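A.B. asks: Residue strings, one per chain:
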Amino acid sequence: MLKLEGVYIKRGSFNVLDNINLSLPAGKTLAVVGESGAGKSTLVAAILGLLKLSRGNITWSDAPVSESAPALVMQEPRSAFNPALPLRRSVLEPLTARKAKVPWDRIERLCHGLELPIEILDRRPSKVSIGQAQRVGILRALIDVPPLVLFDEPLSALDAVSQKHTAKLIADLQRAEGFAALIVTHDIGYAVAHSNEIAVLKSGRLDEVTTPEAFAQQPKSDYCRTLRDAAIALGALERVE
Amino acid sequence: MRSVTVLAIVLVFVAVVGPYLAPYDPVAIDIPKRLSRPSAEFLLGTDALGRDILSRLLYGAQWSLGLAFLISFIGLCLGTAIGLVAALGGKWVDWAVMRTTDTFLAFPDLVAAVVIAGLMGAGTWSLIFALSVTGWMRYARVARGIGLSLETRGYVIQAKLAGLSSLSIARWHYLPSLLPSLTVVWTGMFARAILGISALGFLGFGVQPPVPEWGTMLLDARIHMRSTPLQMIWPGIAVVACVLAINLAGDALRDTLADKENR
Amino acid sequence: MIASLLGLFLRAFVVLSGTALLTFALLWFAPGDPAQAIAMARYDAIVTEEIVDLVRKEAGLDVGFWPAFLSWVGPLVLLDFGNSSVTGRDVWPDMLAAVYYTVPLALAGLFIGLAIALPLAVLATKQPGGLLDRCAVALASLGAAVPAYWLGLLLILLFAVQLGWLPAIGARTPAHAVLPALTLGLGVASSLTRIIRSGILEARGQPFLPAIRRRGVADRKISRDHVAPHAAIPVVTVFGLELAFLLEGAVMVEVIFGRPGLGTFLVTAIESRDFPQVQAVVILTALLFVVVNLLIDLIYRAIDPRIGERNA
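Chains as they are written, first to last, in my numbering: chain W, 1 to 241; chain S, 1 to 263; chain H, 1 to 312.
These aren't lab readings, by the way, just hints derived from the structure by calculation. Nothing here was measured: the structure is a model prediction, and the numbers come from that model. It cannot be assumed that every hint is accurate.
As the list claims (entries may be wrong) - Beta-carbon label-pair distances, calculated as ranges:
#1 S:Leu257 with W:Lys10: 36 to 42 Å
#2 H:Val292 with W:Ser66: 26 to 32 Å
#3 H:Val73 with W:Arg55: 40 to 46 Å
Said to hold, decoys possible - Below, computed lysine to any residue pairings styled on SDA-like, alpha-carbon distance capped at 25 Å:
#4 W:Lys52 with S:Ser165
#5 W:Lys3 with W:Pro212
#6 H:Lys57 with H:Ala30
#7 W:Lys52 with S:Gln62
#8 S:Lys160 with W:Glu177
#9 S:Lys91 with S:Tyr24
Claimed, not checked - Not the full set, but computed from the structure, chain S residues with beta-carbon under 7 Å of chain H:
#10 Trp95
#11 Ala96
#12 Val111
#13 Met225
#14 Val240
Glycine included, each C-beta is placed from N, C-alpha and C at the ideal position.
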């Protein structure tokens, strides 16, 4: 279980993250939504241990998160890969870093699940489509069987068709692999459709933590209502009332 | 780009094949024929000891170009390593390394090289040491600057998450991005090394006689300026031609890389 | 602001201490026995073991690295560079005498360089890519490739040996300074031309200039109010770089022309292994550099307030 307790990140006198308390049980999905600049990416970086916390702590099963080797799927699929190296090298990096044996049958199975031909791994990042690159990114994230995977806007670089498709692939894989997923997104429809819990972030604070159903039907705070209504207006969320 | 390639081939050719083209032994003394003017026998004349100047120039290419290559390459390795340590080592390491770099930069490098080479005792090894130790800072600055800009790249973050060692990150993710810019810096430092070698030679702190190094040749020629002024012209032209050519090649290389980046 | 100023001074201090340490370490660890070298330089004959030991004690070289370093660095703060190990005279006045020859030479070189480079760069950029511009670029490239000592020799050859117009060696009359200053000035001119030229071109490429021009502001006013200030920052940087060039050039030029300036002082000191003198020149040079760079940093902040913010 991922646990964030009283997490603060300060930049000068300004709180980028302000008293964040969250938990995510193993195998479940937590969606973090909020507008640009709400602190979503900072939250991801903090969980991954890339940023020093000003206060509070973040744990996975009561140990520092880094010990569980969490994985990250990034927003810009191509820039997540070294442009000078074939994708395979980047994908295998978590394994080569600890000199582990390469489980080719697992890679084959994952590739099959992600609908990627395994030969694609011999190409460079610039030679695959954005959608493929993102799926290779998911492959890399899952390769070392992480208990926790963070998805930072995993769909926003993709076109509408592959967004739907990729969202479904992620959900299927999660069912098969059983990892806990923390999905950061500004796509309310996606959050509602694919999570067990939704956390709404506003200017570094948690505005509300709720279930997708409650969020879609009767948001408590004004801000959540605004978010939901905007999503409905865009057609990203069906009106449920 | 083509001009760069052609130039590189010509320089390597002269440095490698030069000695075989030389009509005479560069250190063979022939007192009766000393200080002769250019003629069919000695195309560029002879020096104060009757040694053929053309042969000395051709042999000298080995010393001037070869040593400059070695020195600029040592500087490249040293500076890149130092710059990467600064970029990857965190805030305090970076501060310490960059202040060290400032300390080395706080001094005109040729003057520093003169002091170092002079105090170590004139000779080829002191020359190499002096010019390498004063010639790594620019590489370090470039490597650190680019390195810091790579820190936020997706693939570097992923590599760190994957638990890759700093050494592997430097090798696989930093070095390839650094090489183009470092190559441009290297051309400039190569040219500087040629100038430095000949300057130290001219002051008597460099390669020692009778080795035919261009700067040392100028030092010898200087005394006989009145009787055989041409003797002083040739080594200078050799230095200028090489430095000019390398600098122009460096400019061309920089422009090509800038074009590539803009595209 | 005050914190960032303090940071600048701290940096200058660290750099200076580093230079002092490096210099001392270099002398200490240089191959050969320094005491022996001093004794040889001073007595110019075969020296016995006892004399070397005496010299070692006298020069404070018998106490180990750190004590020797500290006893040398302490008086430095008061600009006391000690006594020459060869002549036994106080280093400071002798070095000052040399500085009196070098400073006017460097200033004259800088002046000549500016007098050539500034008009050349301004005229060349009137028509970028034109004949004059290409000549200026070619000249600058050539200048960067010509070593100062060779240029000096060529000038001696032409003006002193062939034409006989000017004296070459020594520093007795003002005429003796013409060729050295010219040598230095031509070198300065080539690098200044390149930098001023690209500075002007870059400043002219500022994205807001076409809009101002379209509003009907006169060209003359544009270059005065908008182009010149932007070209000023690289020019300030250049003076920092030129200083290095001037010092290097001065060393070579003084040796070639036999002027008793700082360069000759340094080379002679190295040849006779006069460590206090060498150390003094090195420290003085480093001090000069640190002070000039400090000034440049401060000027930057005055011209462009953004720089201070970025560093803070």
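A.B. asks: Evaluate each hint against the coordinates.
C.D. replies: Consistency of the hints with the structure:
{"no.": "1", "hint": "S:Leu257 with W:Lys10: 36 to 42 Å", "in the structure": "holds, 40 Å"}
{"no.": "2", "hint": "H:Val292 with W:Ser66: 26 to 32 Å", "in the structure": "violated, 47 Å"}
{"no.": "3", "hint": "H:Val73 with W:Arg55: 40 to 46 Å", "in the structure": "holds, 45 Å"}
{"no.": "4", "hint": "W:Lys52 with S:Ser165", "in the structure": "holds, 20 Å"}
{"no.": "5", "hint": "W:Lys3 with W:Pro212", "in the structure": "holds, 20 Å"}
{"no.": "6", "hint": "H:Lys57 with H:Ala30", "in the structure": "holds, 18 Å"}
{"no.": "7", "hint": "W:Lys52 with S:Gln62", "in the structure": "violated, 55 Å"}
{"no.": "8", "hint": "S:Lys160 with W:Glu177", "in the structure": "holds, 24 Å"}
{"no.": "9", "hint": "S:Lys91 with S:Tyr24", "in the structure": "violated, 59 Å"}
{"no.": "10", "hint": "Trp95", "in the structure": "violated, 9 Å"}
{"no.": "11", "hint": "Ala96", "in the structure": "violated, 9 Å"}
{"no.": "12", "hint": "Val111", "in the structure": "holds, 6 Å"}
{"no.": "13", "hint": "Met225", "in the structure": "holds, 6 Å"}
{"no.": "14", "hint": "Val240", "in the structure": "holds, 5 Å"}
In summary, the structure is inconsistent with hints 2, 7, 9, 10 and 11 from the numbered list given earlier, while agreeing with the others.
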